[in-house]
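Each chain is listed here by its residues.
2 protein chains.
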Amino acid sequence: MKKAVVLLSGGLDSTTCLAYAKSQGYECYALSFDYGQKHNSELEAAKRIAHAMNAARHEVLPLQLNQLTRSALTDQSIDIPDYVDDGEIPVTYVPARNTILIAVALGWAEVLEADAIFIGVSSVDYSGYPDCRPEYIEAYRKLAELATKVGVEGKPISIETPLIHLNKAETIQLGHKLGVDYGLTVSCYRANDEGEACGECDSCYLRKKGFSDAGVEDPTHYIQ
Amino acid sequence: MKKAVVLLSGGLDSTTCLAYAKSQGYECYALSFDYGQKHNSELEAAKRIAHAMNAARHEVLPLQLNQLTRSALTDQSIDIPDYVDDGEIPVTYVPARNTILIAVALGWAEVLEADAIFIGVSSVDYSGYPDCRPEYIEAYRKLAELATKVGVEGKPISIETPLIHLNKAETIQLGHKLGVDYGLTVSCYRANDEGEACGECDSCYLRKKGFSDAGVEDPTHYIQ
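Chains A and B, in that order, give the protein sequences.
Just so you know, we're using the working numbering here: the first sequence kicks off at 751 and counts up by one.
Just so you know, we're using the working numbering here: the second sequence kicks off at 751 and counts up by one.
Just so you know, the hints here were simulated from the structure itself, not pulled from any lab data.
In this list, chains with the same sequence are indistinguishable; a pair is considered to hold if it fits within one copy or across any two.
Below, in silico cross-link-like pairs of lysine-lysine (DSBU-like), each with a Cα-Cα straight-line distance of 30 Å or less:
hint : residue 1 : residue 2
1    : K892      : K905
2    : K899      : K958
3    : K772      : K958
4    : K753      : K797
5    : K959      : K899
6    : K772      : K899
7    : K753      : K892
8    : K752      : K905
9    : K772      : K752
10   : K797      : K772
11   : K927      : K797
Construct the entire structure; sequences and hints are all you get.
Next comes the structure, spelled out in C-alpha cells:
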C-alpha cells in the first residue's frame, strides 16, 4: 500500500486533503504541529479528525516558533484583525511556516519510506501568503529530490497539493463528495476552547463564503 | 549593519562559519537546535562559542525529531559506528536535517529582517549526506526567494555556504587565520559530558585528519 504523510492542521483544507489522499489509496500518516498557535482548539480538532478518518498514525510535534517569530497567530501582543481585503500579506502570516512544515514532513516521509507528502495549500483563496503558490511548491519538489537519500537514489518523495487550483467553495464541494464531516474541523483564528468560531476573522470570512458559494450547509459552530 | 542568522551546532564547521560571517561585517544571530542528539555537549559548546564570539543573540530551539526520525545520532538503540569509508550514506544521517534547520533559520531571518543565513556545510568532507551538496543549496536559494514575504518583495534572504568547496584542513586553516579557538568546539558524535571526544567515530576521524593535514595543532580533548 502506498504511504503518505499528510499535514493536518485541523482546518477545512487539510482535512479535505486527508480525505483526498485516502481516496487515492494512500495509507495516511497525519502530522500536526503545536507551534504556539493561540487557537489551540484547531489541534484538538486535528486529533479528532485523524481518529475519525483512520489515519495509520497521528503525530503532534511541538515546535515553539513563537521563540523566534512574531505573528498574530502566535504572539499574544498582536490582535488578530477582522477580515480586510487590501492585497497585503496579513499579520497572521507566520514567516516560512510551510517551508518548515514541509521540511519536517519530508524527514518523516523518508523514515516511513513514504511515497508522498500531502499539503492542503491553495493559490486561489490563500490570504496572500507567499508559500501557497504553485511556483513555490514546484521549487520545493526540486529541493526534495536533492535533499533526501531516497531522492538521490532516484525515488523522490512527491509533494502533492490537490487543492492548489481550487477555491474554498470547490474545496468544500470536493470534501463533501468524499464524505468529509466539516463539523469536526476548526478554521477560526480566534476559536474558543470549545472550537466555536468568531465569524469575523480572515479565516472565518473565507470559510463562510466558501460554504455559501458551494451551496453546502455550513456546520460551523459560530459564537454569535 | 548587515544581519545574519548563523546555524551553530557547536562543531568545527559551524564555528568557522560564524567567524567568517563576522569577518564579513555581519551582526550574527546564532541558532542551535536541541533535536535530541545524544552528544549534548555539542550544545553546551554552542553556548560557549556564541558568547565568546559575541553573537548578538543565541537561540536554542527544542525540536524533538526523535519523535519522528531514527538516526544513530538520536536513537538510543542504534550504536554510533567507528569510521568506515564505504561510499554509503552512514547511519548517523538525520533525514532532512539541513532542510529543516535552514527552514527555521529562514523564518527567523525574515523576522529579524536579516540579509543572510550562514550554514557550514561542505561538499568535500561531507560524510555522504545528500543535503550538503552545492546543487541542494542552489535549489534552496530558489525556494527561499519564493517562500518569503521579503523574497516576493524582491529582497530575498541569501543562503551563504563559505565552506562548501573547502575540505576539513582548508576549513581549519581558514578558522585558524580568523582566530577561532577550536578548543571550544565539539565534533565527536560520542562526546562525554565534559565534551571529551572518542577519537574513533566518523566525525573524530575527519577532525583529526583535518588538523593533521592543515598543519595546525589539534586542541581537541580525546578520551584515550
